Every structure is written in structure tokens, then in C-alpha cells.
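Based on the provided sequences and hints, a complete structural model is requested.
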Amino acid sequence: MNELLTLAFTSFLVQNIILNQFLGICSFLGVSNKRSKALGMGLAVFFVITIAGMVTWAVYYYILSPSEFNNFTDLTFMRTIVFILVIAAMVQILEMAIKKFSPELYSALGVYLPLITTNCAVLGVALLNIQNGFTFTETIVFSAFTSLGYTAVIFTFSYIREAMNKAPIPEGFKGIPSGLIAASIMAFIFKGFMGLI
Amino acid sequence: MNKTLYFAAFLTVTAALVTAIAYLGYELTAPKIAENRDIKITNSIALLYSPDDGYTKNDDQPINFYQELDRKYSSVITGVYEVLDSDLEVHAIIYNVKAQGRNGLVNALIAIDPFNDTVVAVTYYEHGETPNIGEKYTREDEIDKLLGQTIPGVTVDVIAGASTTWIAIDEMFRMISTHYVDEEVHIDG
Amino acid sequence: MANKKRRITPKDNILKGLFKENPTFVLVLGMCPTLGVTTSLENGLGMGLSVLFVLILTNGLIALIKDIVPPEIRIPVYIVVIALVVTLIEWLLNAYIPNLYDALGIYLPLIVVNCIILGRAEAYASDNTIKDSIFDGIGMGLGFTLGLSTLAFTRELLGTGSVELLGFTLFEASVAATFLVSPPGAFLTLGLLIGIINTVRIDKQKKAKAIMDEKIKVALAKKAAKKAALEEEQNKDIFKINTKEVLTNE
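Protein chains in written order, with our numbering: chain A, -14 to 182; chain B, 246 to 434; chain C, 13 to 262.
Derived from the structure by calculation, the hints contain no laboratory data.
Worth double-checking, as some hints may not be accurate.
Unchecked claim - Some chain C residues flagged as far from chain A (calculated, every beta-carbon gap over 12 Å):
no. : residue
1   : P22
2   : D79
3   : N140
4   : K143
5   : A240
What the hints assert, rightly or not - Derived DSSO-like pairs (lysine-lysine); straight-line CA-CA distance at most 30 Å:
no. : chain 1 : residue 1 : chain 2 : residue 2
6   : B       : K317      : A       : K176
7   : B       : K390      : A       : K176
8   : B       : K248      : A       : K85
9   : C       : K248      : C       : K229
10  : A       : K84       : B       : K248
11  : B       : K317      : B       : K277
12  : A       : K159      : C       : K219
13  : A       : K176      : A       : K151
No experiment lies behind these values; they were computed from the predicted model shown.
Glycine included, each C-beta is placed from N, C-alpha and C at the ideal position.
This is how it looks when you write it as C-alpha cells:
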């Protein structure tokens, strides 16, 4: 239990996916200029990464590796290809499911779901789960808290960017450059969390 | 032909083709990759225990508990090797460990004397730690502090400002201790 | 005066990828490896060149199969092709340049979801000839390499004090701001670089616009002058005719 808590804390703050591991930056820069957009994207990412982490873990250990279901060959070399297809398919299914069962949720985050397929964060977390040799419980904790780290950062950042939009910034620095510089200050702050563990 | 059927056929053919090409590529490169790894390990072990002094890596290591590493160790321990002295007696157990450091992976070889359960050698054969900060751990004086400590219970000194590197090295020793104790690596004699 | 429509030559493609539509500084695509891998010049170059190879192969392959693939399922097929190419390159690097493979770490398989590759495949390779697509790939790949190398060079030089490449120490500076090789430094350096380049670009655009405006003004003025001169001529003629008439009538 202790280890799981440490893992959760580390993946949320210390090894924060955006500010420390640089996964998911494209969407981070693109969607964080409005609070509502940022929240929508953050929640969508949370759903997708947590579920994708679990699904890809199961696919890797029960379908690709020799196991009870796979008595033929070791297919682990197809890892990247299979993972990205699984993620793409999963996102489609998720979108259809959310559309059917919860139209309110769909209106909040449905439009971001297709974008997440090519978000480095999803494939990155899926591969990291395997690389770090996590068990299933550890995978759930890692995926969930990593994506929560993403949500927290992108949401906080949207506040900052909204405020920056009203500030007098030189023409050339408006938009992405000023966003990046603000992100660097946030990263400095998060660097301090390393000493907490 | 029915459109869906055509799609399904197309996708199946693509999948088969892709798997075949991937398999081919894997078969061609995997041996070289394994070879690279073996050479790297042998070279690194030679740093600690030079073949000139009669030490060799036990290539006929019996298929025992520490050949097939359990998943719970394999995220940190990439290999466990026996070093034999010139009489072909077990001289030391070397743990090839890796952990996430400040700027990438820290790879180390840590040699344990299985008779006394003590650390006898440490070398960081690959790392990207910050010069003058995390990299200090790789210097003689810091390594000397580790030698002679008993498993389990190795304490690593904290260098100010190098907490991430410290976390990595501490994790290495913790995993080694877990493996050492659980797999009963100790040899009586 | 309208520009004549030129056929895009390979050289145009390469230059476009390098400067006008540079993926890192202008299009701001492929940010994840840009920030993660640029801690040293070697890594930056390595990643850039890997992406270059992948781009050439994927653009070429997709342009090759674009006519066979049914449009409805083209995205999954493209993704599979890209994933295959990246996996093969991954293994090649692991076998023959293991140092680079270890340095790039998780960012190497993540080239699959790099926005640049799928973007170019969708936007360009699926509509153009094989040759054009390959050159577009070369251009974008070189542009990406340029972006990564610039960022890596700056970070390594100012962050550790010297730049090493293939064993040779290229530069030695006497000050080192270590934070530049860490995550905050990545964001800061990239933000400043893009900001500076944007400022220069906007300046250029403004100047170009100003020159254009001047030209238009001059042209309009000329036109007006011509018109005035023509009117004068007409007036003179009328005057001549009038005086002639008056004289003849006299």
C-alpha cells in the first residue's frame, strides 16, 4: 500500500507527465488557452489514459506474450504497432459509448477524443507501464495518477494563459512563446517536488 | 463485392503483410541486439574483475532461480552473473542494475560477496548524471563509502542537490537486497 | 501584376520544410521529442535524423499505396505503416547504434504519434506523387533536425559549458546555467527561440507589407499622373482644335 501511494505521488507530481517527462505537449499548448477547453481535454485524457493503460497491459501480457491464451509464439515484438491500433480502436469505441450513454459527458469532452489518439501521452504511458514492469494494480495507479497530473497542470495553466491574454506582450511573443515561458516557470515549481520524496 | 467485405479483406492482408515484415526485421536484428548486450556486460564485468587476473564470467551459469528474473525484479535488475576466479570457484555475484536518474538511466554493476553478504565493488558503466552534482556518486570517494556494507541494509549517503540520483542508487540497492534475501543468494562456506 | 503559378520543384520543397514551414519553429509540431531529447547536441541530431529517415520512408510508402487504399480506412492503414517503419528503425538503431537508442529512450517509439509524420502523410503524401512526397519528407525532416539541433546546441552550450559531438569537444564556454539542461530550461529556451523567430518573421512581414504598400502607392500615383497627363493632352488637343477653328474662322 505504501509503495502504491509513493507511486501515485511520484507519477502525479514528481515525474509529472507534462512538466517533467514532456509527453502530451502538443495538446497542452494547443488547448490550454480557455478554461473550459482545458478541463474538457484534461478529463478526456484521464479517461483514455487510464483505460488504455489497463487494456494495453492486458493485451501485452495475455495476447502478445506466451500465456494461457497464446500458446503459439512470442509476439511481443509487435508491441508498438498493436498498442497504437488498440488505442485508436479503443478511442473510437469509447467515443461511441459515451455518445450513447451520457450525452452531457459527450458534449463536454466528446470533441477531444479523436485528437487523443495521436497524443504522445497515451502511447507513452502504455509503453512505460510495460517498460517499468508494473503489475496490474500498479498499472492502474500509474496510469490514473499520471493522467490526473496532466489534467491538473493543463487546467491550472489555462488560468495563467487566460490572464496572460490580457497582458501587454510583444507581438512576436504572443500565444505559444509566452505560453512556453510560463510553462517553464511552472516546471521550476514542480522541480521542487523532487525533494519531497 | 460487398464494401465491408472488401475492407475486411484489405485490412487482413495489410495486417498479415505488416506482421510478416516486422517478424523479418525482428529476426534480422534481435541476434545483433543480444550480442551487443552480452559484449557490453562482459566488458563492464572485466572492468571490475579483469580476465588477466584469472577472473571469468560464468557462462555456464546453471539455469537456476537467478537466470529467469521475476517481473518484480526486472524493472531494476537486468541480470545477475557469477564471477569465477582462476580456480573456477564462485568469487562474486554481480548485479547489473538500472534505475531512472536525473538525465536518463543510471546503469551500474554492483558486486556482492555471497559468503559475507558484503558489497565488494561498484561501477556506474553508463549514466547521464549532472557533472559535479549527481555525477559525484560515480567518484572514488563516494563508491568507497558503499564498499563493505552488508546486504540488506546498505545506506547511501545523500549529496545535497543530487536527490534524483540518490533515489536511483537507493532503489538499486533496495532491489538488490530484496532479490538477495528472497532468492537466498547467500552461499555458506 | 499576378505571379505566374510555378510548379513546386524539389528544391522548393526542401527549402519550405527548412525555413518557411519549419516544423519546430513555425508549425510548432512534434513538441514532445523537441523538449525531451535536446539535452545534448548528439541526441538532438540523432533524433532529427531518425525522424528524417522515418519521414522519407513513410511519405514514400504512403504516396506509393495511396491509390490502392480505400479512403474510408486510410487513417488506420497509414498509422500501421508508420508504426511498422518506426519499429524497424527502432530495432536497427538498437542493433547498430545502441548508444543513440539508449539516449533517445521512450521518445523513439513515440515517433509513431509525432504529429509531423501523420500530418504530412495526410496533408501531402496522400495527394502527391512519390517524388514530391519524398522531397517534402526530406524538407520537413531537415527542418525538424535544424530545429532540434539549434535548441540542443543552445541548451548544451549554455547549460553545461561545452558542446560535444562524436567525441570532439566543439565549444567551451566558461559559464554554465545548469537549469537549462533540465525541464524548465527546455520550455524557456524553446519559448525564447520561437518568440525571437516570430518577432523577426513579423518584422519581415511588416516590412514586406510596407514595401508592397509603397509599390501600390507609387503605381496608383503613376496611374493618376498618367490619367492627368492624358486629360491634359486631350484638353490641349481640344484647345488646339478650338484655336485652329478660331483661326480658320477668322
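Hint check:
1. P22: holds (28 Å)
2. D79: At about 23 Å from chain A, D79 (chain C) clears the 12 Å cut-off, so the statement holds.
3. N140: holds (22 Å)
4. K143: K143 (chain C) is indeed farther than 12 Å from all Cβ atoms of chain A, at 27 Å.
5. A240: The claim holds: A240 (chain C) sits with its nearest Cβ about 40 Å from chain A, beyond 12 Å.
6. B:K317 - A:K176: holds (29 Å)
7. B:K390 - A:K176: Holds. K390 (chain B) to K176 (chain A) sits at ~28 Å (cutoff 30 Å).
8. B:K248 - A:K85: holds (26 Å)
9. C:K248 - C:K229: holds (28 Å)
10. A:K84 - B:K248: holds (26 Å)
11. B:K317 - B:K277: Cα-Cα ~27 Å, so holds.
12. A:K159 - C:K219: holds (19 Å)
13. A:K176 - A:K151: Distance ~28 Å between K176 (chain A) and K151 (chain A) Cα, so the pair holds.
Hint violations for this structure: none, all hints satisfied.
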